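Starting from the known structure of chain A, arrange chain B on it as the hints suggest.
Heads up: the protein sequence lines correspond to chains A and B, in order.
Per the numbering used here, the first sequence starts with residue 1, numbered consecutively.
Per the numbering used here, the second sequence starts with residue 1, numbered consecutively.
Any given hint might turn out to be false.
Treat identical chains as interchangeable: a pair holds within one or across any two.
Claimed, not checked - Once the Cα atoms are required to be at most 25 Å apart in a straight line, the calculated BS3-like pairs of lysine-lysine come out as: (1) Lys169 / Lys213; (2) Lys349 / Lys415; (3) Lys362 / Lys169; (4) Lys362 / Lys348; (5) Lys348 / Lys266.
Just so you know, the hints here were simulated from the structure itself, not pulled from any lab data.
The structure presented is a predicted model; accordingly, all values stated were derived computationally and were not measured.
2 protein chains.
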Amino acid sequence: MERSYITMEKLSTQPYKGTRDFYPEEMKRRNWFFGKIRETLELCAYDEYNGPMLESLELYAAKSGDELAREQTYNFTDRGGRNLAIRPEMTPSVARMVAAKLGELNFPLRWFSIPNMYRYERPQRGRLREFWQLNVDLFGCDTYEADLDVIESAIAILRAFGADETMFKVHINNRRFFNDVIASICGTDADGAKKISKVVDRKNKVPRDAYVKDMTELGLFEAQIEKIDALYTMGVREATAVCPESVGSMELVSLFDALEAMGLDKYCMFDFGIIRGLDYYTGTVFEVFDEAPENNRAMFGGGRYDNLVGLFAKNAKISGVGYGMGDVTLENFLETHNLLPDFYGSGKKVLVARFDDVPVEKYTDIVDTLRSGGIVTGLYTGIKKFGKQIDYAVKGGYSHVVIMGGSELERGVVKVKNLDTREECECNLSELADIISGGKGA
Amino acid sequence: MERSYITMEKLSTQPYKGTRDFYPEEMKRRNWFFGKIRETLELCAYDEYNGPMLESLELYAAKSGDELAREQTYNFTDRGGRNLAIRPEMTPSVARMVAAKLGELNFPLRWFSIPNMYRYERPQRGRLREFWQLNVDLFGCDTYEADLDVIESAIAILRAFGADETMFKVHINNRRFFNDVIASICGTDADGAKKISKVVDRKNKVPRDAYVKDMTELGLFEAQIEKIDALYTMGVREATAVCPESVGSMELVSLFDALEAMGLDKYCMFDFGIIRGLDYYTGTVFEVFDEAPENNRAMFGGGRYDNLVGLFAKNAKISGVGYGMGDVTLENFLETHNLLPDFYGSGKKVLVARFDDVPVEKYTDIVDTLRSGGIVTGLYTGIKKFGKQIDYAVKGGYSHVVIMGGSELERGVVKVKNLDTREECECNLSELADIISGGKGA
Numbered sequence: 001m002e003r004s005y006i007t008m009e010k011l012s013t014q015p016y017k018g019t020r021d022f023y024p025e026e027m028k029r030r031n032w033f034f035g036k037i038r039e040t041l042e043l044c045a046y047d048e049y050n051g052p053m054l055e056s057l058e059l060y061a062a063k064s065g066d067e068l069a070r071e072q073t074y075n076f077t078d079r080g081g082r083n084l085a086i087r088p089e090m091t092p093s094v095a096r097m098v099a100a101k102l103g104e105l106n107f108p109l110r111w112f113s114i115p116n117m118y119r120y121e122r123p124q125r126g127r128l129r130e131f132w133q134l135n136v137d138l139f140g141c142d143t144y145e146a147d148l149d150v151i152e153s154a155i156a157i158l159r160a161f162g163a164d165e166t167m168f169k170v171h172i173n174n175r176r177f178f179n180d181v182i183a184s185i186c187g188t189d190a191d192g193a194k195k196i197s198k199v200v201d202r203k204n205k206v207p208r209d210a211y212v213k214d215m216t217e218l219g220l221f222e223a224q225i226e227k228i229d230a231l232y233t234m235g236v237r238e239a240t241a242v243c244p245e246s247v248g249s250m251e252l253v254s255l256f257d258a259l260e261a262m263g264l265d266k267y268c269m270f271d272f273g274i275i276r277g278l279d280y281y282t283g284t285v286f287e288v289f290d291e292a293p294e295n296n297r298a299m300f301g302g303g304r305y306d307n308l309v310g311l312f313a314k315n316a317k318i319s320g321v322g323y324g325m326g327d328v329t330l331e332n333f334l335e336t337h338n339l340l341p342d343f344y345g346s347g348k349k350v351l352v353a354r355f356d357d358v359p360v361e362k363y364t365d366i367v368d369t370l371r372s373g374g375i376v377t378g379l380y381t382g383i384k385k386f387g388k389q390i391d392y393a394v395k396g397g398y399s400h401v402v403i404m405g406g407s408e409l410e411r412g413v414v415k416v417k418n419l420d421t422r423e424e425c426e427c428n429l430s431e432l433a434d435i436i437s438g439g440k441g442a
Numbered sequence: 001m002e003r004s005y006i007t008m009e010k011l012s013t014q015p016y017k018g019t020r021d022f023y024p025e026e027m028k029r030r031n032w033f034f035g036k037i038r039e040t041l042e043l044c045a046y047d048e049y050n051g052p053m054l055e056s057l058e059l060y061a062a063k064s065g066d067e068l069a070r071e072q073t074y075n076f077t078d079r080g081g082r083n084l085a086i087r088p089e090m091t092p093s094v095a096r097m098v099a100a101k102l103g104e105l106n107f108p109l110r111w112f113s114i115p116n117m118y119r120y121e122r123p124q125r126g127r128l129r130e131f132w133q134l135n136v137d138l139f140g141c142d143t144y145e146a147d148l149d150v151i152e153s154a155i156a157i158l159r160a161f162g163a164d165e166t167m168f169k170v171h172i173n174n175r176r177f178f179n180d181v182i183a184s185i186c187g188t189d190a191d192g193a194k195k196i197s198k199v200v201d202r203k204n205k206v207p208r209d210a211y212v213k214d215m216t217e218l219g220l221f222e223a224q225i226e227k228i229d230a231l232y233t234m235g236v237r238e239a240t241a242v243c244p245e246s247v248g249s250m251e252l253v254s255l256f257d258a259l260e261a262m263g264l265d266k267y268c269m270f271d272f273g274i275i276r277g278l279d280y281y282t283g284t285v286f287e288v289f290d291e292a293p294e295n296n297r298a299m300f301g302g303g304r305y306d307n308l309v310g311l312f313a314k315n316a317k318i319s320g321v322g323y324g325m326g327d328v329t330l331e332n333f334l335e336t337h338n339l340l341p342d343f344y345g346s347g348k349k350v351l352v353a354r355f356d357d358v359p360v361e362k363y364t365d366i367v368d369t370l371r372s373g374g375i376v377t378g379l380y381t382g383i384k385k386f387g388k389q390i391d392y393a394v395k396g397g398y399s400h401v402v403i404m405g406g407s408e409l410e411r412g413v414v415k416v417k418n419l420d421t422r423e424e425c426e427c428n429l430s431e432l433a434d435i436i437s438g439g440k441g442a
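If we strip away everything but chain A, and leave its shape as in the complex, we get:
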């Protein structure tokens, strides 16, 4: 019974629920879009890091509270009695890493990572159990310039994929502004404003009646509720004018001024509806929306938070601003807007056909010459009829087949067949790379 998990039946070929197999075609796509992200962020002087897939469970329990740690996290106890979790998010890991080298690190840090992570959820569109998540953060700078830098990087990534302002929009708000404007409209102290904020946070998720009832119960008049309503349709100047003395207002104005001067305002808008439930956001918050009518929703978001390393180091205070973007969401976005190139059969890829009257090593020069020229080249392994090898090349997305049978070997030539045009030509080895690269012939 102890060995009951060993079965003699044939095993299933399906991957575990909510996870994906990446066959070469999907892998090419993933490498392509992770590559674009890396390239863009590195150009913006962000440095990549990564941490382990397994972390101590208490890292999540301490930070996110119960729900994520207990319900959504894969966790177990190792044989040494350690409570472990497969990381469901990256922030606790990066906080731990920053805390471990507080004295050595060169703040402000521009950091990013593309870890794989697991959440125990019911799989649905845009949400899987295993996913990759880009995490971009700027640590150790308290001013709006850091918020700007991070938002700029998100725009740069989407633009690198060919997306323009008709396809996405960054909705921006500020938690400090939010709290202050609520307090100023309602005439309450910080504590009272916090209670009201919780209700406002649910505004678009509950029926209007219930919202008004909750607000009334907190002592608000109709006029106050209307004033709050009005904020949702205001631009940033109008909204911040309601509460000009708030630090949040000043941050918002500085941020939008800079975005405008930089020509990035067309990608951005003020949106009082962006709050982001998590308690730890303390300043700028933003969400990036897909503008496609059939897919209109927040794709990803982030914001500013204080005291990143508080769980690890008592006297250090490092603030941060950042966002997380899931690979599934990004891929949906790129598909929706037709921004994924066709990988199959793009680029030069050469199959060197194999004939049984030629020893295998005679093909070495051909293969080496092409690879030295940077051309992807494989020798057909095994010996099959020429027609079968051509079929293999076509199915495998090869662009050219190089042919050297006994008679070509004798004459010191090779044949090249272009699989797109079906044209064939004969040449010397020295001309081969040029011909395939598109110089001449075939």
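Same frame as chain A, now just chain B:
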């Protein structure tokens, strides 16, 4: 008590035992060497794939037997009662993936993957709990040409890192030859040869006396034991001549003939001591040794196996040949032979300094111009004294600092400081990228 894992003490900043944090410097190194591997294998027409980190536990229990599945695998039960394991190796996953698309895939397949995996082991040099492992396989070709292609790819990878024949050597044997030559020397049938093989497999791991005793107990004479001893010092021609009718001998001779004709024989040698315990190897087996005297040992290995998909599909028979190479081992090898470049401060990286008499968006043109020229560029976020910004740039591995205070802004110029030479020059924005790229000045 249920929540006893939540603690109010400060959390540890250490990663979980046997795992690593990758700070930007380590990450650069890892990206560099995974990048080189990808580039090399893609040029050889190998396609990358990947699978999920979690798999059904029975995948490992069924294939590897008890030890790996029960003792060395991180496994647990999910809330739906599924027995899961964090993958400790890639072969079961790739076998599942191949079996799932048997009818669609284009055999022979040249596939590779660089998954992260976990094994529950005592951490030691070259062995960690979390590691990455390159897996290279060629599926669906039964002849020695496939073995050749795979061995060639391993040599190509090490050469791409700058390693030469003084640094590594591929030790090659053949399981068919091994079984046949034992049977022929001992005059036993296949079953008897198998028993003897198990003892021979342990030859170099047990004292000579114990080895001879075990062999004698199996009925072997001294002369037979000596004949087997002699194989360990023989070259491939001499060894295969002992048992010329073996299919394994023919495979070995064909393989070494081709390696020689291709000029790859200097990287390879026949070694009768290479057996590789796992029962599933059926033909060519090989291990790649580090030739450094202080580090002389097998770094990685692989071989040919039959019936990859047997656990999943009853009537299909796909053979394969491949190897797995751990990232920790590879990194040790590169370090030992001084093949790791210095990443810190290599390449152009520009910090645009920030002055409080210049609005942040005035720096946009500088940043955009440099990034458009492919130069890694970051604007200093926040406002600190110029000297502090220079310190930041030096510590952060920046090569240049671009300076535009109020007076430069007024005159329409910028200053460039080269942090290596400490030289400074003044120029127009249009000249900036050229100067930093190394064209002129600073």
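Do the hints match the structure? See the list:
{"no.": "1", "hint": "Lys169 / Lys213", "in the structure": "neither (33 Å within a copy, 78 Å between copies)"}
{"no.": "2", "hint": "Lys349 / Lys415", "in the structure": "within (15 Å within a copy, 47 Å between copies)"}
{"no.": "3", "hint": "Lys362 / Lys169", "in the structure": "between (58 Å within a copy, 24 Å between copies)"}
{"no.": "4", "hint": "Lys362 / Lys348", "in the structure": "within (22 Å within a copy, 44 Å between copies)"}
{"no.": "5", "hint": "Lys348 / Lys266", "in the structure": "neither (39 Å within a copy, 31 Å between copies)"}
When held up to the earlier numbered hints, the structure conflicts with 1, 5 and fits the remainder.
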